[in-house]
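Engineer: Sequences and hints are given; from them, build the entire structure.
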Amino acid sequence: MPRYFVDFTHNDTEIVDTVGQVLDSELAARREAVKALAEISAEEIPRDGPLLLTATVFNESRKTIFVCSVRFDFEVSHAQDGG
Numbered sequence: 001m002p003r004y005f006v007d008f009t010h011n012d013t014e015i016v017d018t019v020g021q022v023l024d025s026e027l028a029a030r031r032e033a034v035k036a037l038a039e040i041s042a043e044e045i046p047r048d049g050p051l052l053l054t055a056t057v058f059n060e061s062r063k064t065i066f067v068c069s070v071r072f073d074f075e076v077s078h079a080q081d082g083g
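Per full-length UniProt numbering, numbering through the sequence shown is continuous, rising by one, with the last residue being 83.
I should point out that these hints are in silico values taken from the structure, not numbers from a laboratory. It cannot be assumed that every hint is accurate.
[To be verified] Okay, derived cross-link-like pairs now, EDC-like style, lysine to aspartate or glutamate, Cα gap no bigger than 20 Å in a straight line:
| # | residue 1 | residue 2 |
| --- | --- | --- |
| 1 | Lys35 | Asp7 |
| 2 | Lys63 | Glu14 |
| 3 | Lys63 | Asp24 |
| 4 | Lys63 | Asp17 |
| 5 | Lys35 | Glu14 |
| 6 | Lys63 | Glu32 |
| 7 | Lys35 | Asp17 |
| 8 | Lys35 | Glu75 |
| 9 | Lys63 | Glu26 |
| 10 | Lys35 | Asp48 |
Since the model is a prediction, treat every value here as computed from it, not as a measurement.
Structural biologist: Following this line, the structure appears as structure tokens:
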């Protein structure tokens with residue numbers, strides 16, 4: 001079975017997968033990447049600005065086969081007291 005690698009980017013910080021994971025297919029690798037990205041995005045609530053999380057799946061030759069991203073943008077509005 002082939003080995004796939006998933007690198008993650010958190011805004012401008014890249015986390016490189018040097019170990020990889022043996023999976024049945026590219027489809028299984030894509031599903032694992034999406035699942036991991038969903039779990040990470042649930043934990044990484046933006047605190048001080050926009051957040052872009054990206055998962056890039058590579059095959060054993062380090063050829064990109066899939067990229068998915070989650071972007072959080074928000075605007076804080078301050079309610080004024082009517083008092």
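Engineer: With reference to the structure, classify each hint as holding or not holding.
Structural biologist: Each hint, compared with the structure:
1. Lys35 <-> Asp7: 14 Å, holds
2. Lys63 <-> Glu14: 17 Å, holds
3. Lys63 <-> Asp24: 17 Å, holds
4. Lys63 <-> Asp17: 13 Å, holds
5. Lys35 <-> Glu14: 18 Å, holds
6. Lys63 <-> Glu32: 17 Å, holds
7. Lys35 <-> Asp17: OK: Lys35 and Asp17 at ~16 Å, within 20 Å.
8. Lys35 <-> Glu75: 27 Å, violated
9. Lys63 <-> Glu26: The hint holds at about 12 Å.
10. Lys35 <-> Asp48: 25 Å, violated
Figure legend: structure checked against the earlier numbered hints; hints not met, in rising order: 8, 10.
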